[in-house]
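Working from the sequences, and respecting the hints, build out all of it.
Listed below, chain by chain, are the residues.
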Amino acid sequence: MARLFYSERGDHIESTEPVRVSRYRGITRLNHWITAGSLILLALSGLAFFSPSLYFLTGLFGGGQIARWLHPILGVVLFLSFALLFLQMWRLNLPRPEDTTWVTRIGDVVTGHEERLPELGKYNAGQKFIFWAMSGLILVLIVSGVMMWQQFFDGLVPIQIRRIATLIHALAAVAIILVFILHVFAAFWVRGTLRAMTRGDVTGGWAWRHHRKWLREVAGRGDRGPAE
Amino acid sequence: MSGTAPQPTTAAANPPVQPMEAGFGTRDLVRVSATADLPAPDRQLTKLAKLIDVSKCIGCKACQSACVEWNDTTPEIGENVGVYENPHDLTPDMFTLMRFSEWENPATNELEWLIRKDGCMHCEDPGCLKACPAPGAIVQYSNGIVDFIHDNCIGCGYCVTGCPFDIPRISKTDHKSYKCTLCSDRVAVGQGPACAKACPTKAITFGTKDDMLALADDRIEDLKSRGYDNAGVYDPEGVGGTHVIYVLHHADKPGIYSDLPENPRISPIVEGWKGVTKTAGMAAMGVAAAGALLMGLFSRGNKVEAEEEVAAERLVRDREDI
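In order, the protein sequences belong to chains G and S.
Taking our numbering, I'd label the letters of the first sequence as residues 1 to 228.
Taking our numbering, I'd label the letters of the second sequence as residues 1 to 322.
Treat each hint with caution, since some may be false.
[As the list claims (entries may be wrong)] In silico contact screen, one side only, chain G against chain S (beta carbon under 8 Å); selected entries:
# : residue
1 : Pro-18
2 : Phe-49
3 : Phe-185
4 : Lys-213
5 : Leu-215
[Claimed, not checked] Per label pair, the in silico range of CB-to-CB distance:
#  : chain 1 : residue 1 : chain 2 : residue 2 : range
6  : S       : Asp-72    : G       : Gly-37    : 35 to 45 Å
7  : S       : Asp-229   : G       : Gly-63    : 53 to 63 Å
8  : G       : Phe-153   : S       : Phe-298   : 45 to 55 Å
9  : S       : Phe-298   : G       : Arg-199   : 25 to 35 Å
10 : G       : Val-184   : S       : Gln-7     : 34 to 44 Å
11 : S       : Phe-298   : G       : Thr-198   : 18 to 28 Å
12 : G       : Leu-60    : S       : Ala-13    : 14 to 24 Å
13 : S       : Leu-297   : G       : Gly-37    : 49 to 59 Å
14 : G       : Val-184   : S       : Thr-4     : 50 to 60 Å
15 : S       : Gly-255   : G       : Pro-97    : 28 to 38 Å
16 : G       : Leu-60    : S       : Glu-21    : 56 to 66 Å
[As the list claims (entries may be wrong)] Calculated Cβ distances over 10 Å to all of chain S for the following chain G residues:
#  : residue
17 : Trp-102
18 : Glu-114
19 : Ala-125
20 : Gly-200
Calculated directly from the structure, the hints in this document are not laboratory data.
Being a predicted model, the structure only gives us computed values, none of them experimental.
Think of the CB as a built atom: it goes at the ideal place given N, C-alpha and C, for glycine as much as any other residue.
If you want it as structure tokens, here you go:
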């Protein structure tokens, strides 16, 4: 099989009239939603410790003690779950020349002038930013988080290092929540995107408009994927 | 009940024996962790302090025993590794610890055996309280006592991060933080702390902070007359002063007393974390969330057009014909 530059091996044309293109297989979607769920629960419990005005959020978990116990465990779940997602997605998130063009024409992105943008593979530069920001921040959060994990890792690092880890953990947490907001907003704003992570496929028009190189490569392969 | 317990001015006197109302309580709180806008108390209690005169300490550990007895803790039986400290560090069950250090005085070329009773310093500006995320888990009374309210403690260990003296310890059993209470329960009923009461040489004394500073001055004068030119009091200003103060014969070098910090203060990292990071972070997240919500609700969205569906169909069909 020819080397793929813009698509994953499993991506395939599901139907031709109308065109539907499979974007994420079931296991990837499950992986994504476990990651998403743990990130949301981490944000809720973490925010409770971040500001007294949000401490009431511990009530969602059954109180401060349970939230304190659960938060780092969820952190490990997020880390492992995202690691699997990372392995599936990193290759197509590597930067490509057309990303530079896309970024310089960010005004056309925001105003929806797709026709003035270069043809793109499976991910645009914005999606790649989300991917790498999540990857980096999750790594920072798990490392600093373990240093703060009183229950199992007290004494792992000196208190001065723990102070720095705590500050970095808070800053990285704020950053990842901002990235998360951007991610969710973009998924809603670009209509037709959500179904890629729910039903697993997108319409041909969506693929044509936003990821034409990806569509070309998937269509050009001729095979209908492993399912047929 | 017959009246309210007086504020104790010494640990030496015998306490009143008739049942009495506590001398201070929640109405005397001046600081409460993770709680803004605490109403100011309607009275100001006399500031209290425990004075530890290092030059009079003989290292008998009666204070440790009294502390264990009063607080009903049961420190684990340790292992002798050839040092005097027992246990080897403060623990959730050992709120105070005699720390021993051998120091060779370069001026006299003599070995000095320095013994310091370690434990919570009851800072006027407590780093533990500043760092604590749980409302009401750490409180400060207007007499200067900093106390942990265990019902509200969640065991996160932020107090450990905040403390400039490395004092709080988190229990592996109930996952709550423990430290010296300055015997707030005894002080509330007119008694001094158990350690001060038990001390056989009066190296530990207790009373109003003014009295303790005056007593410290007497002791420093005496020490200076005996050749300890650098004798002085340890009441560090970086944390606003403390309610446990030391008389040191070498006050110019607190570090020789088992690493007593030279100039303790709440770490700027902790201040930055609880200060600007929290404020700016909350603002950034709030603005982003509100902005995304409004944009999401009111913007038209980026929609796929009908001709793009057609174009995709043509593309797929053409490829299949090849």
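The hints, checked one at a time:
{"no.": "1", "hint": "Pro-18", "verdict": "6 Å, holds"}
{"no.": "2", "hint": "Phe-49", "verdict": "4 Å, holds"}
{"no.": "3", "hint": "Phe-185", "verdict": "4 Å, holds"}
{"no.": "4", "hint": "Lys-213", "verdict": "12 Å, violated"}
{"no.": "5", "hint": "Leu-215", "verdict": "7 Å, holds"}
{"no.": "6", "hint": "S:Asp-72 x G:Gly-37: 35 to 45 Å", "verdict": "44 Å, holds"}
{"no.": "7", "hint": "S:Asp-229 x G:Gly-63: 53 to 63 Å", "verdict": "56 Å, holds"}
{"no.": "8", "hint": "G:Phe-153 x S:Phe-298: 45 to 55 Å", "verdict": "46 Å, holds"}
{"no.": "9", "hint": "S:Phe-298 x G:Arg-199: 25 to 35 Å", "verdict": "27 Å, holds"}
{"no.": "10", "hint": "G:Val-184 x S:Gln-7: 34 to 44 Å", "verdict": "57 Å, violated"}
{"no.": "11", "hint": "S:Phe-298 x G:Thr-198: 18 to 28 Å", "verdict": "24 Å, holds"}
{"no.": "12", "hint": "G:Leu-60 x S:Ala-13: 14 to 24 Å", "verdict": "51 Å, violated"}
{"no.": "13", "hint": "S:Leu-297 x G:Gly-37: 49 to 59 Å", "verdict": "24 Å, violated"}
{"no.": "14", "hint": "G:Val-184 x S:Thr-4: 50 to 60 Å", "verdict": "58 Å, holds"}
{"no.": "15", "hint": "S:Gly-255 x G:Pro-97: 28 to 38 Å", "verdict": "59 Å, violated"}
{"no.": "16", "hint": "G:Leu-60 x S:Glu-21: 56 to 66 Å", "verdict": "40 Å, violated"}
{"no.": "17", "hint": "Trp-102", "verdict": "14 Å, holds"}
{"no.": "18", "hint": "Glu-114", "verdict": "8 Å, violated"}
{"no.": "19", "hint": "Ala-125", "verdict": "15 Å, holds"}
{"no.": "20", "hint": "Gly-200", "verdict": "17 Å, holds"}
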